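Chemist: Sequence:
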Amino acid sequence: MEGRPGAGGRGDRLGTRRRGAAAVGHNLARVNPEAEDVLSRLVTEARQDLQRRRYLVGSDQFELAVAAYAPKDFLGALRTPHLSVIAEMKQRTPSMGVLSEDYFPADIAHAYTDGGAAAISVLTHMAGFGGRPEHIRIVRAATKLPILRKDFVTDPFEIAEARGCGADAVLLIVAALDTAQLKDLIAVAKSRGLAALVEVHDEDETAAALEAGALAVGVNHRDLRTLAVDLAVSERLRKLVPTDIVFVAESGIQGPEDARRMREAGADAILVGELLMRSADPAAQIRELTQ
1 MEGRPGAGGR
11 GDRLGTRRRG
21 AAAVGHNLAR
31 VNPEAEDVLS
41 RLVTEARQDL
51 QRRRYLVGSD
61 QFELAVAAYA
71 PKDFLGALRT
81 PHLSVIAEMK
91 QRTPSMGVLS
101 EDYFPADIAH
111 AYTDGGAAAI
121 SVLTHMAGFG
131 GRPEHIRIVR
141 AATKLPILRK
151 DFVTDPFEIA
161 EARGCGADAV
171 LLIVAALDTA
181 QLKDLIAVAK
191 SRGLAALVEV
201 HDEDETAAAL
211 EAGALAVGVN
221 HRDLRTLAVD
231 LAVSERLRKL
241 VPTDIVFVAE
251 SGIQGPEDAR
261 RMREAGADAI
271 LVGELLMRSA
281 DPAAQIRELT
291 Q
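Under the working numbering, the letters of the sequence shown match residues 1 to 291, in that order.
Honestly, the hints are just simulated from the structure, not real lab data.
A few of these clues could be false.
Said to hold, decoys possible - Calculated cross-link-like contacts (lysine-lysine; reagent style DSS-like; alpha-carbon spacing at most 27 angstroms):
1) 72 / 183
2) 190 / 239
3) 144 / 72
4) 72 / 190
5) 239 / 183
6) 190 / 144
Just so it is clear, the structure is predicted and the values come from calculations on it, not from any experiment.
Please model the complete structure; the sequences and the hints are all you need to start from.
Modeler: Listed below in structure tokens is the structure:
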């Protein structure tokens, strides 16, 4: 169960000692050895935690929860005339540690909803980001917005788990999966009524995502060979993605100017986490991004 602070309103909790950190990209291809070690550890931790949950929970409990709600239209929420914001929540990152001293997913979800976010991304990786699948349930109860489960998904169990917890979409990272796995997981997500946001970083991964049948492509701006962020990656890859495929620009959005740049590049949506988690007023920050 989520702990609650003894006093103070939601705004006070959200504004308490935010700390900045560089968001960590999830692309696993062509990285320097140090970065590769970090990412390999994250994937290993995710798989170890998966095995623990599989043993303790099993998939039968998810089937009972599935009947409780119909998935919301994640892709439809991003197909609008204006730039949509997928607002992301995470307590910490592997590179810089804690982003938020107080992390209450329901309060964050309320703020994101109030700010006009189109959807909410929930990190569920515990060791690296301070998240867990149960946070999806908390957010589901707090908002009617579509929810993206963001994690290192490599197994159909995690998709069933996401659906059972109340998610409407899952992130699939091309660099973490082989071609057969990617196609299979996209199909599994579809069979569960979930959208798949397929993350890429370069031309080869974009081609792989489209070949696998992705209906939404998310471009991670972080190049893990240098750990540098380059928004031009979206500008370059947008030309390769058909206009009927939802295009999401991820990582490194630091303000309205970056948001406008991504809109001008042809992005349907931006995924923003660090900027919002650092903000004392994330609702106002979202409104600024969409002006």
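Chemist: All hints, please: hold or fail.
Modeler: These are the hints, each one checked on the structure:
no. : hint      : in the structure
1   : 72 / 183  : holds, 22 angstroms
2   : 190 / 239 : holds, 26 angstroms
3   : 144 / 72  : holds, 8 angstroms
4   : 72 / 190  : holds, 13 angstroms
5   : 239 / 183 : holds, 23 angstroms
6   : 190 / 144 : holds, 21 angstroms
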